[in-house]
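S.K.: Can you build the whole structure from these sequences, using the hints too?
Protein chains: 2
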Amino acid sequence: MSTTTSTQIRLRERPVGEPTADTFETTTVDLPEPADGEVLLQIDHLSLDPYMRGRLSEAESYAEPLAVGDVVMGGTVGTVLASRHPDLAEGDQVLSYSGWQTHAVEPGRAVRKLDTGANPASTALGVLGMPGFTAYAGLLQIGRPQPGETVVVAAAMGPVGSAVGQIAKLKGARAVGIAGGPDKARALTEEMGFDVGLDHRADDFREQLASAVPDGIDVYFENVAGPVLDAVRRHLNLYARVPVCGLVANYNATAAPEGPDTLPGFLGQILTKSLTVRGFIQTEFVKDHYADFLAEMGQWVAQGKVRYREDVVEGLENAPEAFAGMLRGANTGKLLVKVS
Amino acid sequence: MSTTTSTQIRLRERPVGEPTADTFETTTVDLPEPADGEVLLQIDHLSLDPYMRGRLSEAESYAEPLAVGDVVMGGTVGTVLASRHPDLAEGDQVLSYSGWQTHAVEPGRAVRKLDTGANPASTALGVLGMPGFTAYAGLLQIGRPQPGETVVVAAAMGPVGSAVGQIAKLKGARAVGIAGGPDKARALTEEMGFDVGLDHRADDFREQLASAVPDGIDVYFENVAGPVLDAVRRHLNLYARVPVCGLVANYNATAAPEGPDTLPGFLGQILTKSLTVRGFIQTEFVKDHYADFLAEMGQWVAQGKVRYREDVVEGLENAPEAFAGMLRGANTGKLLVKVS
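Protein chains in written order, with the UniProt record's numbering: chain A, 1 to 340; chain B, 1 to 340.
No lab work stands behind these hints: they were computed from the structure.
Any given hint might turn out to be false.
Identical copies carry no separate label here, and so any pair may be met within one copy or between two of them.
[As the list claims (entries may be wrong)] In silico lysine to any residue, SDA-like type, Cα no more than 25 Å apart, as pairs:
#1 Lys-273 / Arg-144
#2 Lys-273 / Asp-261
#3 Lys-113 / Pro-86
#4 Lys-287 / Tyr-239
#5 Lys-169 / Asp-288
#6 Lys-338 / Arg-307
#7 Lys-273 / Tyr-290
#8 Lys-273 / Val-286
#9 Lys-287 / Asn-237
#10 Lys-287 / Arg-112
#11 Lys-273 / His-289
#12 Lys-273 / Thr-262
#13 Lys-273 / Val-16
#14 Lys-273 / Tyr-97
#15 Lys-273 / Gly-226
#16 Lys-273 / Gln-141
#17 Lys-273 / Asp-288
#18 Lys-287 / Arg-144
#19 Lys-287 / Ser-274
#20 Lys-273 / Tyr-239
#21 Lys-113 / His-85
#22 Lys-273 / Leu-140
#23 Lys-273 / Glu-18
M.R.: What follows is the structure, encoded as structure tokens:
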């Protein structure tokens, strides 16, 4: 077997605020041949996700930070080029966590062979992967929407948000999505089947929101924080549930924003409305709910009951710019890098 | 039966910020004779509780505001002077919600006859009443302390806080109490059996707190908000629970305090630590848990396993000043007014 070369993007220095050109560097390495039990992979798609911003910092997060000099982490789907693992064969499509690189050698136990009969392999990074499961588990285990209730989700054209709204609809709730810009807002109703799609950049966003939730809000699936939360929280009903899944508006912040201090007001609301505000990471629910998710959501996607959009950037070299753009809300749908 | 006169304290004008001498006025009325099904009560003790501050304002709260001109509301224990209800007899000790007055005529169904065999009647306003049930339900249903976990409660010498710590101990958890002033802090360990009692006014409070929770905090029972919350929340463990029961530090506030805005930081913690922050009012749990509470807590109190302290102010005319003092943290234990 000839030597395989992997082009890799590594963390050069920790970003302060928004990631810049200095944050990353590109290296090329010769990969070893796979040892017994290992496979050689060609990476086809790399997933870019907001959680990665936290891993680039030393600040305390729910996961260990990436070390400076490491290949940037990330979920990937790829093709087995060579296998020394009994359950995997050349040509298999697999899910792995190989990160920002073109090729990788992985232990066979660290990759999952994908069933690409019903749905394309790339869905394992989005609607049928971590973002989809985040939506499924957070909405159903924490949000617990009841038929007739109103569910609001922000970043609603993102891979988590669009799944949240569609699952809410399948469970009999009303789905109101909030996104950045009129095109995304329109896609929420036209493409994703939400009852209402709102553009939080509209001048009259607060009025539009008030009209969209005449019975108040029972579940607010929190993806963004910032001004959207400030508008939404005024409509939360008694006993409303707020799964806190992400806070992308705050991820690049380097210090607490200027006042006034809105925490006392929010706590007052938590008290007077008996709210449940619950942070979560999807890993908490994997053991009890992942198999159900793959079965139920896989069927919904195959039947077209849950739709998804992919935003595919060509070439690993464009991953850093695409990643920074995602944190600004520049993309629509699941952001993937087509690596090879 | 001769006419009975009731001296009453009414809401004269809504307070802006701290209640003042102008907030209340005293009136005297002749009570009608009890009609069929009613009882005439002499009020023995009036309960003063932080929630009343919210009811004096028009601002949205979990209960309807008091109307200007109404007798101020409040839980009371009293003695039946005359009864036209079959289940109540002259001399019975009863719990009612007669408010700030010396006598009242009440429908028999609005009063509960007290069993004063094991515990004194006044406990029905404190450790065996609303504050005790608030502690019991909030800690056990939301906080769910496990043996060996660390429970922190502020306003810990108050009637809710002292019960929270003692119930936590009975459930096998470690109890750390926070109170205002060295005397209260000492009483937490010496009188209430907490593992640690801290004075949040001490210069080195943050250091003392850090030493007191070497394994972090699993349950923070929130009674006060403000700087205490700011210190405590830095120690919350993964999956910690924060029952939000009261926010006395904020009750007199008339506007959001100056920045920086600490809400984004708190939300970030909720996310990275998978926290559950849950507001509640004890009424939510009455149906399912009140009978258990009366049985279990009544036994604990009778056996001396849960202790309580009463701070008794003599004379209804002193209720307004005692109420304002309570909001400043001036009292220790359950604040009662001895009415007659």
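S.K.: None of the hints should be skipped; say for each whether it holds.
M.R.: Cross-check of the supplied hints:
| no. | hint | result |
| --- | --- | --- |
| 1 | Lys-273 / Arg-144 | both (17 Å within a copy, 21 Å between copies) |
| 2 | Lys-273 / Asp-261 | both (20 Å within a copy, 22 Å between copies) |
| 3 | Lys-113 / Pro-86 | within (12 Å within a copy, 76 Å between copies) |
| 4 | Lys-287 / Tyr-239 | between (28 Å within a copy, 16 Å between copies) |
| 5 | Lys-169 / Asp-288 | within (23 Å within a copy, 31 Å between copies) |
| 6 | Lys-338 / Arg-307 | within (20 Å within a copy, 67 Å between copies) |
| 7 | Lys-273 / Tyr-290 | between (32 Å within a copy, 21 Å between copies) |
| 8 | Lys-273 / Val-286 | between (31 Å within a copy, 17 Å between copies) |
| 9 | Lys-287 / Asn-237 | between (31 Å within a copy, 21 Å between copies) |
| 10 | Lys-287 / Arg-112 | within (16 Å within a copy, 49 Å between copies) |
| 11 | Lys-273 / His-289 | between (29 Å within a copy, 20 Å between copies) |
| 12 | Lys-273 / Thr-262 | both (16 Å within a copy, 21 Å between copies) |
| 13 | Lys-273 / Val-16 | between (37 Å within a copy, 22 Å between copies) |
| 14 | Lys-273 / Tyr-97 | between (41 Å within a copy, 23 Å between copies) |
| 15 | Lys-273 / Gly-226 | both (20 Å within a copy, 19 Å between copies) |
| 16 | Lys-273 / Gln-141 | both (20 Å within a copy, 17 Å between copies) |
| 17 | Lys-273 / Asp-288 | between (30 Å within a copy, 20 Å between copies) |
| 18 | Lys-287 / Arg-144 | both (19 Å within a copy, 22 Å between copies) |
| 19 | Lys-287 / Ser-274 | between (29 Å within a copy, 17 Å between copies) |
| 20 | Lys-273 / Tyr-239 | both (6 Å within a copy, 22 Å between copies) |
| 21 | Lys-113 / His-85 | within (12 Å within a copy, 76 Å between copies) |
| 22 | Lys-273 / Leu-140 | both (21 Å within a copy, 20 Å between copies) |
| 23 | Lys-273 / Glu-18 | between (36 Å within a copy, 23 Å between copies) |
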